[in-house]
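Combine both chains into one complex, guided by the hints.
Spelled out, the chains give:
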Amino acid sequence: MRGRRFRYSALTLVSGAMLGALLALAVRAQDSTALPEPHGDVLSIGGSVTEIVAALGQQHRLKARDTTSSYPPEVAYLPDVGYMRSLSPEGVLSVGPSLILSEEGAGPPEALEVIRAADVTFVEVPDALTPDGILRKIDIIGAALGVPDKADALAAEVAAALSAALADAERPEGDKKRVLFVLSTQGGKINASGTGTAADALIRMAGGVNAISEFDGYKQITDEAVGLAAPDVILMMDRGGDHGVADDDLFALPAIRLTPAAQTRSVVRLDGLLMLGFGPRTAEAVRLLNDALYARNS
Amino acid sequence: MTAIPDTATLPRDRLSRARSLHWVLAGGLALACIASLQIGATDVTLFAMLAKLAQGEPLSHMERVVLFDIRLPRLAMGVLVGAALAVSGAAMQGLFRNPLADPGIVGVGAGAGLGAILAIVLGTLLPVWMIDRIGNQMVPVAAFLGGWGSTILLYRVSTRQGQTSVATMLLAGIALGALAGALSGILVYIADDQQLRDLTFWGLGSLAGASWAKVLSAGPLILLSIGGALMLGRGLNGLALGEATAAHIGIHVQRLKSVAILAVAGATGAAVAVSGGIGFIGIVVPHLLRLASGPDHRTLLLNSALLGATLLILADVIARVVIAPAELPIGIVTAVLGAPVFLWILLRRRGLVEP
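Protein sequence lines correspond, in order, to chains A and B.
Each residue of the first sequence is one higher than the last, beginning at 292 in my numbering.
Each residue of the second sequence is one higher than the last, beginning at 4 in my numbering.
Bound-form chain B, shown alone (with noise of 0.2 Å):
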């Protein structure tokens, strides 16, 4: 009975660990943006380079290729990209008060899914002069439709009377999923053999094809955003005690709820079109961070941002340098680094499954 935690001070303790957990992240975010341009299959590396600059020299042609058209175009990506998934993550787990959402539980991933399937397997059916014009970015576009799409059209099924009813978006999104399996399926089996390897790749993600071309076209996005979802963790807070609760403290529930999904909607689409499907970061991430400094989304989602961004690039470097010159699809890596994460938190928190 003596060891009654003193109500009064612990939260703040927790804000000020989170907000400090802020510069720690930010540094180990710079960190991996070092190693990223540090280390690769070859053995150009960003020191060497930057003594060469220090004396003036110039550098090689093929140092400024790996640099500047290879590795910042990519670690750009794998910032946007992982901080997209990882923000996405949290707010979902917010906006569904269960700490096993994703943003694939808004529709993107099944909906890009399609998308992607459809460009891969009957692009090839497009007019001859459509192909030249659009071919490189079809995939992209069509999964980005396809994520956006699928996830607005959730939104509006399960919206009636201007009340978004966060039971029938689940249910619905069950359903919507199964049907894009089902279409995906179709596709498959028409695919051919080349169509097929493409598709796989394409589910398992990578950040190889990163260029500057699709970091200008998604990171607008994909910056937009994350920058409406960081606004949203007073009303997360709020949220976490029930909706009505919510409405009665003063927050506008429905705009919460709008704001929260055509962000998640945003982010997670532009980032599976430029990088495919890449899984667990979403997941992970919201939950170490809960674990090392609580649930407080006010420090939440600027923390999943910046540690998202880091492991998808330490990821990256991972992907690019194991099995060199050969690349793993970053989709493996996070994968085997998520999955025993993900496992240890089920087996830790039971009691929320299984109650």
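Chain A with its partners taken away, still in its complex shape (with noise of 0.2 Å):
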């Protein structure tokens, strides 16, 4: 029996799994209601791709989404296919889409497959972490969707809007902050963003530093790294209501506690998906982060 439990810790996070299947269960039986559009036979797959599908005032299009897809908040009443990386294609033909349109790394191919030979459009846009991807998304987009010229306006207007909210962002380099982005605290450990991320991106574009650029991607790093980091404030994800963590149990962290930012109580939030979808919002994004990370207190 022993030996059981050690050959199958698998088994935990199966059980695990279903109990988070459930709630999962709860939570999309109240999505089933789709908006009836005649005209509409797109499905958007990527929280950003949704975005701009929406600000090129094609929203009527869209006949589905993904997971991630949670802006403009109408769209959550879409029926929605699952995560992007596990699709299943008798599950998006049945949503009736001529056109798919999806950030990169959308699957698995085998699905991919099935979809491209069901005569269905697939668009993929690929990922961008600098102003000249955002536009090129929108280019991309907009030239699937056979509206070419709202896009050449969306790009202007987003493309003004970025280079504004950068130049106001931009300081000199011995009076930036540094950031530390946590992704999650689970179990008091701190789960942080290193470089070559979104948020490494919008914090470097915010007119910040990155408190860490020893790893790529989100990694858990040990208090001392914490410390070493010496990040001026903290930057995580808006959960809002209660899922985010309070102030006091954030810097009562014994790896947060030392840092400059426990003692100024800086910590910033802002919602996931206009902080690290880089989509149209993104300008909107800088200046929030930029304003919370100067305007009060230099």
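Since the hints were made in silico from the structure, they are not lab data.
If you're wondering where the values come from, they're calculated on a predicted model, not measured in any experiment.
Among the hints, a few may not be true.
Examples of chain B residues lying across from chain A (beta carbon under 8 Å, computed) [unchecked claim]: (1) A44; (2) V68; (3) V69; (4) D72; (5) I73; (6) D195; (7) Q197; (8) R200; (9) D201; (10) G212; (11) S214; (12) R323; (13) A327; (14) P328.
Some residues of chain A that are not near chain B, with every Cβ distance over 12 Å (derived) [unchecked claim]: (15) E415; (16) D466; (17) V500; (18) V559.
Glycine included, each C-beta is placed from N, C-alpha and C at the ideal position.
Here is the structure:
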């Protein structure tokens, strides 16, 4: 019996996931009603892609979305085809799309093969962590939707807003605050962003310095490394309600307690998709973060 | 004292009951197959299409894709994987003379998991031409090699002078499982977010990636292995009396062990490779059947194959419609159905685990 437990640590995972799935079922059961749109035929996969479709005024053509598409809020009423890397071919076909706009990395490959075989146009929108990348996304989506003029207008608008926001956020090197992006504080362990992430890119665009430059991607780091990183400000995702960590709890964490950020109680919370989506609202995110970093106490 | 069971006729009754169960289960499987082709996220149904064909109307492109490229390969894979897992479970329980053994006991699960994680996390480090060539097939191939390799290793470790020690195999399996778990842990640590999500989904299993290519690559090995396992019925019955007794009544115990282990490694390794980790089928199915028709392996193995295939297909139907158009990983469905049944078995047969 003891052996079973060892070999089947996966079993724990499965039972945990089972509970999660039941919760997910309860939540998803609510969004089964779709907006009736006779001429809509687009499936949008990826939060920023959906945002761009809506910003182009083509939201009425959306027929379904993926789990990460949460803005604008009305898209929550669309059927959800699930997580973009584990799409079900029949589920995707059942929403009757003639065009699928997808962020880079949708899958699995077998599902995409079948979907393409069913005469559905599949357009992949490359990921981007730069202003130019956002404009390219808009360009590709506008072309795929057959509204290049609107795309040009939106791109010009976004480009102007971004360059203005970036210019305003620009600061002399010595004056930049060190920002630590904390993805989660599960069990008192800090999961923070290194370089090469959307969080890292946004921090730099908003005139800050990523407090961590030792590794790529999001990783759990030790308490001492947080102390060494000496962040002036903690940046987190705003999970709304009581799901986020309260300020008192955050600054009481041993890892955070000794940082400059804890002394000034500086924490910034922004909506995850707004901050990390790199879509039409990124200029807004840059401004919000820059204001939060410097407006009050510099 | 009057109610002494008629020992001469009881086993025969059981045997005939188990044999007639073959037909019931085969019927159930056929119904499940029809349901699997009939029900899905789209409103394409088998009956509507048959009606169309009967009237000589051509099928639409969409209907052909849904039926022939999505549901049929998925059904075929469900039958193969379900039968493979259930037969492997029954064979392992017979071989280890432990009703709680399942295919994972010979290290297939841990090894396949390690292989899959290696491919997902380190696959991107391969040269580009290799990724282009084998990219899509990398995870299944690595999972199969990992599962098969760890079983063979375990088998070699516990075999000395031509004798395989079941006890050594059990203990070495724990050690090997812990080692594979630790290596997997290291890889999980260096994985990025996307890879972690891929890992989680792989671990929960799914038939959503079913394709004819996968069916054709895993099918022959699974069928061969199931065929091999189905011939072990008499031997496993003898083994239930103990290894020495089995040898005395003329059973070639060592050959029995080799065939059982190779068959389980082949069937489960190939099944896990194409569908990810799907739990509980291997334990629950043989137990349900033992409760229904007794422990005779001559019928238990075939019945397990039939019921395993049926349950996995039904679980897959549930997985694909319950949150349509999205889809649950099938491992969640089998666990939701399987865990309570497993607990019930544990409680009912507490005597077996707590002597």
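The hints, checked one at a time:
Because the beta carbon of B/A44 sits about 4 Å from the nearest beta carbon in chain A, less than 8 Å, this interface hint is met. A distance limit of 8 Å between C-beta atoms decides the matter here; for B/V68 the minimum to chain A is near 4 Å, and the interface restraint holds. At about 6 Å, the closest approach between the beta carbon of B/V69 and any beta carbon in chain A falls short of 8 Å, and the interface hint on this residue holds. Hint status for B/D72 relative to chain A: holds, with the closest Cβ pair at about 5 Å, below 8 Å.
With a cut of 8 Å, the hint placing B/I73 at the interface with chain A holds, because the nearest CB-to-CB distance is about 5 Å. Contact between B/D195 and chain A, as hinted, is supported at the beta carbon level, the nearest pair being about 5 Å apart and thus within 8 Å. With a least beta-carbon distance of about 7 Å to chain A, the hint placing B/Q197 at the interface is held under the 8 Å criterion. This hint holds: B/R200 has a C-beta 6 Å from the nearest C-beta of chain A, less than the 8 Å allowed.
The closest approach between the C-beta of B/D201 and any C-beta of chain A is roughly 6 Å, which is under the 8 Å cut-off, so the hint is satisfied. Taken as an interface hint, B/G212 checks out: its beta carbon lies about 4 Å from the nearest beta carbon of chain A, inside 8 Å. With a least beta-carbon distance of about 5 Å to chain A, the hint placing B/S214 at the interface is held under the 8 Å criterion. Of the supplied interface hints, the one on B/R323 holds, with its beta-carbon coming within about 6 Å of a beta-carbon of chain A, less than 8 Å.
Taking 8 Å as the C-beta cut-off, the interface hint given for B/A327 holds, the closest approach to chain A being about 6 Å. A distance limit of 8 Å between C-beta atoms decides the matter here; for B/P328 the minimum to chain A is near 4 Å, and the interface restraint holds. Interface exclusion of A/E415 from chain B stands, the closest Cβ pair being 15 Å apart, more than 12 Å. With a least CB separation of 32 Å from chain B, A/D466 remains clear of the 12 Å interface cut-off, as annotated.
With a least beta-carbon separation of about 22 Å from chain B, A/V500 lies farther than 12 Å from that chain, consistent with its non-interface assignment. No Cβ of chain B approaches the Cβ of A/V559 within 12 Å, the least distance being about 21 Å, so the stated non-interface status holds.
The earlier numbered hints are all upheld by this structure, with none contradicted.
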